[in-house]
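**Q** Below are the chains, spelled out letter by letter.
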Amino acid sequence: MAAVRVGSNLTCILIFMTDATPAEPGDELERLRALVGPSEIAYESLQADRDAAQQIAQAAMAETGELNGRLTEMSVQLSRARQDQDVLLLRARMTPWRRVVNRAKRRWSTSIVPRASHVVDRFRSS
Amino acid sequence: MNGNRCTTSEQLSTPRAQPRFSVLTTVYDTEPDHLRACLASVDAQTEQSWEHIVVDDCSQRPEVRAVLAEFDGQSGRRTVIYRSDNGGIAAASNDALTAACGEFVVLLDHDDVLTVDALAAMGGHLRGDADVYYSDHDLLRPDGRCASPMYKPDFSLERLRNHNYITHLVVARRTVVDQVGGFRSGFDGAQDHDLLLRLAEVSAPFDHVPEVLLHWRQSPASVASDSMSKPEAYNRGARAVGDHLTRCGIDATAEPGKYAGIYRIRRPVRDRPTVSVIVPTRGSRGRIWGAERIFVHDAVASLLRVTGQHELAGAELVGGIDLEIVAVIDEGTDAVVERGLRSIAGDALTVVTYGRPFNFSEKINVGVAASSGDYVLLLNDDTELLNPGSLQEMVGLAQDRSVGMVGAKLLFEDGRLQHGGHVYHRGFISHALLGWPGDHPGPYRALAVERECSGVTAAAALVRRDVFDEVGGMNEAFAVNYNDVDFSLRVRASGRRIIWTPHASWYHFEQQSGEHPILDEEILTVQQLWGRDIDVDPFYNSNLAPGRTDWLELPLRSGAPPYEVLPDGRVSWG
Numbered sequence: 621m622a623a624v625r626v627g628s629n630l631t632c633i634l635i636f637m638t639d640a641t642p643a644e645p646g647d648e649l650e651r652l653r654a655l656v657g658p659s660e661i662a663y664e665s666l667q668a669d670r671d672a673a674q675q676i677a678q679a680a681m682a683e684t685g686e687l688n689g690r691l692t693e694m695s696v697q698l699s700r701a702r703q704d705q706d707v708l709l710l711r712a713r714m715t716p717w718r719r720v721v722n723r724a725k726r727r728w729s730t731s732i733v734p735r736a737s738h739v740v741d742r743f744r745s746s
Numbered sequence: 252m253n254g255n256r257c258t259t260s261e262q263l264s265t266p267r268a269q270p271r272f273s274v275l276t277t278v279y280d281t282e283p284d285h286l287r288a289c290l291a292s293v294d295a296q297t298e299q300s301w302e303h304i305v306v307d308d309c310s311q312r313p314e315v316r317a318v319l320a321e322f323d324g325q326s327g328r329r330t331v332i333y334r335s336d337n338g339g340i341a342a343a344s345n346d347a348l349t350a351a352c353g354e355f356v357v358l359l360d361h362d363d364v365l366t367v368d369a370l371a372a373m374g375g376h377l378r379g380d381a382d383v384y385y386s387d388h389d390l391l392r393p394d395g396r397c398a399s400p401m402y403k404p405d406f407s408l409e410r411l412r413n414h415n416y417i418t419h420l421v422v423a424r425r426t427v428v429d430q431v432g433g434f435r436s437g438f439d440g441a442q443d444h445d446l447l448l449r450l451a452e453v454s455a456p457f458d459h460v461p462e463v464l465l466h467w468r469q470s471p472a473s474v475a476s477d478s479m480s481k482p483e484a485y486n487r488g489a490r491a492v493g494d495h496l497t498r499c500g501i502d503a504t505a506e507p508g509k510y511a512g513i514y515r516i517r518r519p520v521r522d523r524p525t526v527s528v529i530v531p532t533r534g535s536r537g538r539i540w541g542a543e544r545i546f547v548h549d550a551v552a553s554l555l556r557v558t559g560q561h562e563l564a565g566a567e568l569v570g571g572i573d574l575e576i577v578a579v580i581d582e583g584t585d586a587v588v589e590r591g592l593r594s595i596a597g598d599a600l601t602v603v604t605y606g607r608p609f610n611f612s613e614k615i616n617v618g619v620a621a622s623s624g625d626y627v628l629l630l631n632d633d634t635e636l637l638n639p640g641s642l643q644e645m646v647g648l649a650q651d652r653s654v655g656m657v658g659a660k661l662l663f664e665d666g667r668l669q670h671g672g673h674v675y676h677r678g679f680i681s682h683a684l685l686g687w688p689g690d691h692p693g694p695y696r697a698l699a700v701e702r703e704c705s706g707v708t709a710a711a712a713l714v715r716r717d718v719f720d721e722v723g724g725m726n727e728a729f730a731v732n733y734n735d736v737d738f739s740l741r742v743r744a745s746g747r748r749i750i751w752t753p754h755a756s757w758y759h760f761e762q763q764s765g766e767h768p769i770l771d772e773e774i775l776t777v778q779q780l781w782g783r784d785i786d787v788d789p790f791y792n793s794n795l796a797p798g799r800t801d802w803l804e805l806p807l808r809s810g811a812p813p814y815e816v817l818p819d820g821r822v823s824w825g
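Those protein sequences? They're chains A and B, same order as listed.
What the first sequence shows, in this note's numbering, is residues 621 to 746, in sequence order.
What the second sequence shows, in this note's numbering, is residues 252 to 825, in sequence order.
Excised from the complex, chain A in its bound form (with noise of 0.2 Å):
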């Protein structure tokens, strides 16, 4: 047994097949006008209806989804702010001593090590 749910004007009406037998054509025709509802709107009708109301909700989602990207866009610009802010209050933090060893080693792996490998390649490939 299936059940079907036919909106129209608020009201449900559920219809109840019993059986598998083919319904007669006039039977199928008032089933489907059941289904359509008192105003008997043309498919075309419900067709152009459903487009519109798609269109719509396209329209609405697609606002949505510019400001969720222009949101994702502004977390970038946050995060860079944070991850700066972050490293300028862990240096603050620091020892002079500490801050004198934290350069010289980010000297020494961004700095020294490229241009030493540079040169050894060089060197290599000379």
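All clues given are correct.
Covered by chain A, according to a simulated footprint, are these stretches of chain B (three or more residues, beta-carbon under 8 Å): (1) 540-547; (2) 666-674; (3) 805-818.
So these bits of chain B aren't anywhere near chain A, every CB distance computed over 12 Å: (4) Q269; (5) R287; (6) Q299; (7) D323; (8) G395; (9) D405; (10) P456; (11) R490; (12) R498; (13) I501; (14) D522; (15) R523; (16) E613; (17) A710.
Since the hints were made in silico from the structure, they are not lab data.
These figures come from a predicted structure and were not determined experimentally.
A virtual CB, placed ideally from N, CA and C, is assigned to each residue, including glycine.
Go by the hints and put chain B onto chain A.
**A** Here is chain B on its own, set in the frame of chain A:
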């Protein structure tokens, strides 16, 4: 002009070894303080083997000559040439080039500032097999602060065609610059882009030094401040790109694009190729914009609808492409799926029934095996075509034999960006700028230009059949995730380029057609196979933060916010 190419004995009173670098600067009515800063930055170089050729293009401001005189004898390595007439930047640059005798020429604008170690850093990267080098740069605000560093990708030919992403600092072997004929007249304002394109024709790839070595001055009249300040330059730039395409034998036109400094390249499709669209599906349904759909029906219908092939399956498409739809349908899928596809695609449809446990790669492979097109469009069933000309754009790019694969811009249902090319950075694999507004040009215009990528998603990607066959198709070890990463890396390993284009676009209703969580084994397998390739992305930058794909810089490398002149004339400091 007054200068001739120097030799060590002609122009210098005491013999001196050939300098390594010849810094070339053309000057015209420069702000004296800016010119002073520029000249001082050259004098302050830690590298010692340089000469500075300055050509004054008949400046009207007397202060310019005074500043040049002030700096003339300071270093003993500066040659100043005064032109008797104003010939434009290309002519003046050629005069400088003629007078240069260094092994490499360094192009420096009259108001820009080199970092103190710029030449030394470049010198550390010089190799025998590269002729052109470029570095990252940032902007020098009017208040003297450095802002908005541009961390560039490694050499990206397609991106260079779309816009001059290189700009500064450029170092080129002088013999190669001579070989291409130096600067061309008639391209003032875009003469550097024109030169780079011609250099790319003879000595690509350029070598990229991922360090900020130049501060590009941002003054109200400069392109650094407002890219619309020189519209004529962009028309000349479009002409330079068009000439370059012609010289490369590429049948295409170039015109100024949607954003200043961006060029739109249009490539006609040749020889009426057939594109086989491979759509694996199990007939998933979902609700999109409030209405339920069978995804694959809309994916195929949207392709055929825009091309007029909807009711006349097998007919020629707009733009000269024939379409073949190959649907790889899981066994046991509701018959309504195939019936619907037949009514949509008619004779253009080939159905392949797939009876094994789900394996996306295998489904693609059996689909391609059953197809006959010259090109293969890998297409997820949860997509809908957005730009009607997408296929033409992708085929246009894939016609180039050096291109192996072309990816498209994909948007979520709400218009946010789902795919802007892959980024593989420090072991992190993701889509570039995921979730950004779909119409955003992106940092450094990354989303507004055609550019090389490390990889693209197979949700909508075009591959030439010979390339697909040569790399052995999709790797069936990746049943669900990362199959496109593996495939992309194999295409690149074959020596071909992968291009992402913003001019081809689809909606991609990802995850609506089923959840595909990434498994640990998949991560492990891709790491084992492609360790270094997913660690270092040549089209990203080592100065950018790990674990992200949104061009966020490492801490304290982002500089000050950019200076901006508002429409009402006020200045915003960001």
